[in-house]
Amino acid sequence: MDEMNAKYAESDAQVVLVDDEEMVLDTLRTFLELETDYKVASFADPAEAVTFGRENSVDLVVSDFLMPGISGIELLREYAESNPHAPRVLLTGYADKASAIKAINEVGLFQYLEKPWDNEQLLVVFRNALDRRFLVKALQEKIAEIDMAQGKLSGLQDDILRTFI
Amino acid sequence: MLNEIIAVASPNLMAVSLVVAVLLLVVQSVRLRHREKEFAVATEALLAREELATLGRLMAGIAHELNTPLGAVSCSVGTRQKAVAMIDEAALGLSDPDADHAAHLARIQKALKALHGTDPVLGEALTRTNQLIRELRLAGRGEEESPQPVDVNSIVEGTLLLLQHELKAAVEVKLALGEVQPVKGWPGPLGQVLLNLILNARQAVGEEGIVTVTSFMEGDKVVVEVADNGPGLPTGCAEKLFKAGFTTKDADNGTGLGLFIVRKIVARHQGQIAASNGADGGAVFQVTLPTTQPTTQPTTRPASGTDAN
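Residue numbers (this note's numbering), protein chains in the order written: chain A, 1 to 165; chain B, 1 to 309.
Okay, chain A solo, but in the shape it has when bound (with noise of 0.2 angstroms):
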């Protein structure tokens, strides 16, 4: 895992930071660039954040659950499907919880996180979840290397057929 996960850095990590309370997302956006290299953008309008993962690769979503417009879970959704493998993270306070484990097993939430959170365990969620997407893309780029090898190999045997047939 280490020996694949060594090729990408912190700095390679696209994370996105989704809440409609601004002092929150300052707040995550102050404390990541603190402790981390990631590259953050923040949406206080879900709706934005939608579009940039439409538009964007990303790494590691993570939402507020209730917010107007549209849901955390809803957003988490469409990340499913635009950002297949990006680990998604639900960062809510205590009211909302009932709904929102409801809601887990409907976009397969890697991680529940409570307002107000502990900043190291938040990074360690992060750091997992980030340990994750890149050993997933790390494997994807091998498999997609040994497809290449293998139509290479595909094409040779091919060619050694023909020449001997």
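I should point out that these hints are in silico values taken from the structure, not numbers from a laboratory. There may be inaccurate statements among the hints.
Claimed, not checked - Quick list of in silico lysine-lysine cross-link-like pairs, DSS-like style, CA-CA up to 25 angstroms: (1) B/Lys264 with A/Lys39; (2) B/Lys113 with A/Lys39; (3) B/Lys264 with B/Lys184; (4) A/Lys97 with B/Lys168; (5) B/Lys168 with A/Lys102.
To be verified - Examples of chain B residues lying across from chain A (beta carbon under 10 angstroms, computed): (6) Gln28; (7) Ser29; (8) Leu70; (9) Gly71; (10) Ser74; (11) Ser76; (12) Ala169; (13) Lys174; (14) Ala176.
Stated by the list, open to error - Label pairs and their computed distance ranges (CB to CB): (15) A/Leu139 with B/Gly123: 42 to 48 angstroms; (16) B/Leu47 with A/Ile104: 35 to 41 angstroms; (17) B/Gly123 with A/Asp131: 35 to 41 angstroms; (18) A/Glu10 with B/Glu208: 27 to 33 angstroms; (19) A/Leu153 with B/Glu89: 51 to 57 angstroms.
Keep in mind it's a predicted model, so treat the numbers as computed, not measured. Ideal Cβ placement from N, Cα and C applies to all residues, glycine included.
Guided by the hints, dock chain B onto chain A, whose structure is given.
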């Protein structure tokens, strides 16, 4: 012989019967008064329970609302501690002549950026917390003190702040608050009136909808309207709405006491409340309250709503 006995006993028998009848009446009357007292006590207990239930619901929303600034403060304090530790470490590194000074300076700059980044967040979080606590204290105040001049518009805004969590996902709130004079009353109970009306409107619109709160002067009275674009009031129920026990909601969502309490509070403010269906079909609740200083001002209804979200 028998006739003689009847002639003697009859007046006594009648007198005894009369006394017994009077006694029975007195006993019945005492029992009735006792039942009335029991009923009044039970009604008060039921109303208190309903008020507590509303307050409980409000508290759940407030807890959520406080979570945002609390989370921001807690995270920012952690960030600042880390930044200060980074500066300490880098400063120590700078004192070593052989160290990579450029790298240490870069770390100090990064830490300073984080310190500056958390400053406005902490300020805003404290302001938000103070606002919430202030509104909560107002909402919890009863009628212990003598009535005072109350600005209805600030009660509307405070109530919306407390209900932010309840409303924001499904409801677009439009505000059309005109210039109104203060009314004489109690901020807590008036907040409870608006809380009930806005929560009813929120329930009426279902998954998605618009709630409009309007205030204006009508002669020497202040009028506050809460309108929604839900299905409206069923035909013929406008009169019964304010009676205890009447509800159009299912058992999980309504006890039929909310509007009864609302009418009681409005009456204690010498005001009136009326319900009707608006031009677009949704329900409209209109509360009319007397001002502290009667004037002969004409109606000053604001033209249109502004988005409160």
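Structure-based check of all given hints:
About 57 angstroms separates the Cα atoms of B/Lys264 and A/Lys39, which puts this hinted pair outside 25 angstroms; it is violated. As the CA atoms of B/Lys113 and A/Lys39 are separated by approximately 16 angstroms, the hinted pair is consistent with the 25 angstroms bound. Between B/Lys264 and B/Lys184, the direct Cα distance comes to roughly 16 angstroms. Compliance with the 25 angstroms bound is thereby established for this hinted pair. In summary, the hint linking A/Lys97 to B/Lys168 is supported, as the alpha carbons are separated by about 17 angstroms, within the 25 angstroms threshold.
Restraint check for B/Lys168 and A/Lys102: satisfied, since their Cα atoms lie roughly 20 angstroms apart, inside the 25 angstroms limit. Evaluation of the B/Gln28 hint against chain A yields a violated restraint, the C-beta minimum of about 53 angstroms exceeding 10 angstroms. The beta carbon of B/Ser29 is not positioned within 10 angstroms of any beta carbon in chain A (closest approach about 52 angstroms), and the interface hint is therefore violated. A hinted interface residue such as B/Leu70 counts as satisfied when its beta carbon comes closer than 10 angstroms to some beta carbon of chain A; here the least separation is about 5 angstroms, so the hint holds.
Satisfaction of the interface hint for B/Gly71 is found here, the shortest Cβ-Cβ separation to chain A being roughly 3 angstroms, below the 10 angstroms cut-off. The interface hint given for B/Ser74 is met, as the beta carbon of that residue sits about 5 angstroms from the closest beta carbon of chain A, less than 10 angstroms. Evaluation of the B/Ser76 hint against chain A yields a held restraint, the C-beta minimum of about 6 angstroms falling below 10 angstroms. Checking B/Ala169 against chain A: minimum C-beta separation of about 5 angstroms stays under 10 angstroms; hint holds.
Contact between B/Lys174 and chain A, as hinted, is not supported at the beta carbon level, the nearest pair being about 14 angstroms apart and thus beyond 10 angstroms. Against a cut-off of 10 angstroms between C-beta atoms, the interface hint on B/Ala176 is violated, since the closest Cβ of chain A lies about 20 angstroms away. At about 46 angstroms, the CB distance of A/Leu139 to B/Gly123 agrees with the hint of 42 to 48 angstroms. A hinted range of 35 to 41 angstroms for the beta carbons of B/Leu47 and A/Ile104 is consistent with their spacing of about 40 angstroms.
Distance hint check: the CB atoms of B/Gly123 and A/Asp131 are about 36 angstroms apart, consistent with the given range 35 to 41 angstroms. Separation of A/Glu10 from B/Glu208 is about 40 angstroms and departs from the stated range, judged on CB atoms against 27 to 33 angstroms. A/Leu153 and B/Glu89 have their C-beta atoms about 54 angstroms apart, which keeps the hinted 51 to 57 angstroms range intact.
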